[in-house]
Amino acid sequence: MKNFTLLSIAIISTTLIFSSCSENKKTDNDDESVISEIKRRTVKDEVSELVYPLPTSFELTNMLNEIGAAYILSLSNPVENAEKYLTVNSKAFNLGVYGADLSYASTYKQKQITIDYMSASNKLIEELGLTSAIEDSIITKIEANQDNKDALINIISTSFYDTYKYLNKNERGELALLILTGSWLEGLYICTHISEDTFNDVNMIKIIMNQKEPLSKLVSLLDQYSEKEFVAELITDLTDIKSVYDTMEQGSITAEQITSITQKVDTIRTKYTE
Amino acid sequence: MRESLLKALMQLFALLTDLRQEEQSGTAHTHVNEYLSKHFSREYVDQYSKIFDEYLNEYHKGTLSHNKEEQLEQLQNNQKAITNICEQLNKELEKGEKISLFIQLLQFLRKESKIGGEELCLFDSLATSLLINKEDSDALKTFILDTPENVENKSSILIISGNELDAGKGYKHILNEKQQVTVWFLRVKSTDTFVFRYSGERNLYLNGNRVDKNRPYILAPGAVIKTSLMPPVYYGTIAEQFLDTQRRSRILYKAHDVEYKFNPTQIATHKFSLLCRSGQFWGIIGGSGTGKTTLLNVLNGNLKLSHGRITINGFDLHSEREDLEGVIGYVPQDDLLIEELTVYENLYYNAKLCFSKESEEEINKIINETVEDFDLVEARDLVVGNPLKKILSGGQRKRLNIALELMRQPSVLLVDEPTSGLSSMDSEKVMLLLKRQTLKGKLVIINIHQPSSDLYKLLDKLLLIDKGGRIIYNGNPMDAIEYFKREANYVNPEERECGTCGNVKTEQPLRIIEARMVNPEGKIIRERKVKPEEWYQKYLEKFEKKYTWKNNKALDKKEKLPSNRFRIPNRKNQFIIYLKRDLLSKIKDKQYMMLTLLEAPALAFILCFFTKYLDNETYIFSDNVNIPAYIFMCIIVAMFMGLNVSAEEIIKDKKLLQRETFLNLSRFSYLSSKVTIMLIISAIQTLSFVLIGNGILEIKSMTLSYWAILFTLSVFSNILGLNISSGLNSVVSIYIIIPLILVPQILFSGVIVDFDKLHKSISSKEKVPLIGNIMISRWGFEALSVNQYKNNEFEKHFFEYDLNLSTYSYYYSLLIPELERRNDEALWHFKNNDTARFYEQLNILSINLPKIELENKELTNSLNKNIYNSEIHKKVAEELDFKKTYYRHMYFSFEEKKDQVYSNLVKKLGSKEAVFKLKQDNYNSKLAQWVLRKNELQKIELFNNKYIQKKDPIYMPPLFNNGGAHFFAPYKQIGIIKIGTPLFNMLFVWVFTILLCVTLYFDSLRRIINYVERFKLRKQTNRLMKLRI
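Line order of the protein sequences matches chains X and G. 57 is the number that the numbering used here gives to position 57 of the first sequence; each next residue is one higher, with no gaps. 479 is the number that the numbering used here gives to position 479 of the second sequence; each next residue is one higher, with no gaps.
I should point out that these hints are in silico values taken from the structure, not numbers from a laboratory. We put the CB at the ideal spot given by N, CA and C, even for glycine. Possibly wrong hints are sitting among the right ones.
Some chain G residues well away from chain X (every beta-carbon gap over 10 Å; in silico) [what the hints assert, rightly or not]:
1) Lys80
2) Val371
3) Ser622
4) Arg659
5) Pro817
6) Met986
Calculated lysine-lysine pairs in the PhoX-like style (CA-CA distance at most 25 Å, straight line) [claimed, not checked]:
7) G/Lys91 - G/Lys154
8) X/Lys84 - G/Lys546
9) X/Lys271 - G/Lys917
10) G/Lys898 - X/Lys271
11) X/Lys271 - G/Lys874
12) X/Lys123 - G/Lys389
13) G/Lys897 - G/Lys874
14) G/Lys553 - G/Lys531
15) X/Lys169 - G/Lys874
16) G/Lys934 - X/Lys84
17) G/Lys912 - X/Lys228
18) G/Lys874 - X/Lys84
19) G/Lys95 - X/Lys123
20) G/Lys178 - G/Lys189
21) G/Lys38 - G/Lys80
22) X/Lys141 - G/Lys213
23) G/Lys907 - X/Lys84
24) X/Lys271 - G/Lys912
25) G/Lys213 - G/Lys178
26) G/Lys898 - X/Lys169
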């Protein structure tokens, strides 16, 4: 009886061994193609933006705070969704989304929610391999400065800048832009959905109107990477919104335009954060 | 004698009296009176004499009449009366007693000078009604009423005379030349009773009382006949002569100057010699603690002699053991029964082990014969039970023990205290049973403690043993009484038994031997009158020296041993028998079965019920934070159950094993059967555990691998438990050892204590330290965790990619930046002429740079302190940067590939939600945290100037080619072969298990313990000897 067990184990182990041996052969062939690619890229990426091109979502949320808008948790992308994002692109995009949610929560001094969103962001940062971009102790710092709003904003903004810089330095510029896009979109989403009588608040309308420029900049930046499928799709979606802005007259915006923008933002956001 | 019996006797006497003759001679009355006065007091004599007269008148009323019809009627009536009396007697009397009665009546008849036809007629009907064997009754009639020479069956006659001519006449004959009397013996076949009568010129004494000439007497066991010029004739001598010696050849057991020592300084059994023959019943009597059991073990060959030799038919007991296979049977004092089986089943499996060549029917026949022989018919299908919960009585247990040994008919049977703890009825039964064996030609040697008078008389030879294992007497039991009384200067030493009742004071020898001295104040003190050494000296002078047979070389000649049917089966069949027996006894123990089978599911249920972490109502496997704890508990439960199940296995069979080594049965077969049963139980237990545990916690599709790993661990624990069970002496010590084994396993499994965080001397940063490697729990836990993380339905698609991603990320974001830093620092220290620090940095660089596999291989060589300068620094920096980029790009490409796999999966399963559900059902985040060491801040560590990756252990390839690796390594590497961790760990544990099987076979634990004890003892005795000098 024992002999049989030993024999079967031997057979199983040999098959496993051979299967593992054969797998390794595949990866070696790819190395060569990568090396040739490296030469190409280093030339291209020498000129890269290391400066954060857009205002951070803090600006947006601060504006909201000043005009007296409330803090609505259900507007933010739920923290649990962090598990769902399995591709690199969706992770990057939603990292941006969570960044905006984080700003929103910290602006309104929501202590626990701030920490929750920081954890969710951290998770995505880990999965994207960006842990070396930001400080190790960021969560501890946030916890320590829970009551100090300014310090918090400082810490979080620094992390945005660091991430952006790191990604660009490490030839991951498109991810940086995806994060940026996510952050911007989420900000706009919160703005447009925060209250029913958005239309009646002049300041609110102003905020929405002022997003025209950041949007254009975003689209032009994204163009660099338009050969990537995900980016191309994103450009299309953003251009859709941009088209509404383009019909806008200088300094004014109609109710329909706002409604249109709101709807489009809604659709696009849902598409990417699901 | 009972009154009813006496009355019956009177009636029979009356019936058999010829009235007419009686009126003339009055002999009947005289005889009756004589008989009565011999046995009873005056009152009874008168009373029963009167009763005799009454009966006489009643039965012979019609004799004096001349009416033929009346006479005939009387005859018929008398016959009827006889039949009635006999019916009653048949109910009350045993065979032996009936023969005794029969002989009394014959003696009565003999007294008549002429025996009438009527009387003979009545007598014949008496014989038939008493159901006495026709052959025997005829023989007795002839022997007593006629002369012995006319007995038909000459082989049942023995004659002791001085006449040589008597030999040829077909009787058995003992010749004593100087004898002047002739003694005739008749053996009554049906009861093995001996009747004798003598004729001759001299007086004959039976047990010291004078015997009448030509009168029949019964020779009871223990009796001795003496006359002048004739050596005493013992009962045993006569019995021996009648032995059925045709069927089996004889046995000659010789012990020559045998001595046994416990250790070089302590003698257990002092020198003695012994000569035994088949058909003898030897008894060993001694006080407590004198060494009886040791002596018995010396005689059966279990203990190695320190001096002297024991031979059976010339074959040496120790050096020629194989030739003596099956000859010796030994029944120790303790039970050798399997408690859960019935009497029949115990005998059955024993028979299967002894008679491999016999068919099933033959074996059944043997068993049924044995059951009848040993009076176990009522108990045949009763379960044996244990001494606490008795089902069989003590006597039955004892008989069964002896039956097991006797079943194979060993020619030499040694029994240790067959009567201890038994009632006197049971003791008698057992002793008679053993006596019957000797009558069949066996040699039986027993230890006996305080035998009653009757049992004492059954013995043929007696060995008396005193403190320190000194034999102080060897000879006839009745003579022993005389010997000691003489030595103690008793008055009237020849009186061995009571003249009236025949009772022997069996405690007398011992009392004399151990008699204590009396101090001047009249109090008995501890010191003995005669020391053991003195008795021993006397023995040597009076017995040993007179053993002329010691020099008789003829006794050393090898003789053919009696054949027997004892054939042990081959190893494979032994294995099967052991297996069947053990399975049967386990299945019959309902409580055991229930506990064993329900233990695992119950534990699984308890474990899982409390670790199923329910948030809201739906259970998500991914979110269950208790999964690592569950895995750990699985391991511990498997090991614990394994140890528990096997702990008692061997120790409870200890006595059985002793017996079976005696029979030369294979230890290998026994162990194999035990191991097989353990395997079966482990398989069932672990399977039920996994099914329930994984079921409740919804661990999908990994049942087989979980079961395989847990089964492996359980089997390991089984074999470990068997080792312990075999090596230790008591059950308690085994159960004490179990926590001693399990606690280190728990502690060093890698779960409770991090291997990295142990003391420097036992930990190693690059791989699992030795302390972890010897803990089977660690192998098990690693196997299960790696298996669960790596092979689950979700992660298995991505694992290869994740592994590469982790590795490349380590290189470009951790290792290379560190090396770049070292490079810069080296230059800085070089420029500042800080030679010590410069060398240090350079050293670190040169050790770790090879790992990067630079394009420019010679660069490593230029890390020499003599050559290094800022140019080298620049080259190194460039190379490092290039390599960094390279790794980064490898990382990107793998990222893309992983995303591709993901989208393929989405396509296959239909939607993103489906993939997400797959992850939730199969991928556990808490376990991921463990195997990825997410909580550990130290991602890279410098140890002995070497950089070691600390992050993502599960994605890190092992650093060694010999199988060694860090904890949670995904696979282990031997040479160029990569073996996945779950499989590797499993195989490793199996190797360990097989190693333990080997130590089990050689009983290594016991040997180590014995060696240590002997070592201690030797040191102790050396110390003592030094003190003595």
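> Looking at the structure, which of the earlier hints fail to hold?
Replying inline: Hint check: 3, 5, 6, 7, 8, 11, 12, 13, 14, 18, 19, 20, 21 and 22 fail, others pass.
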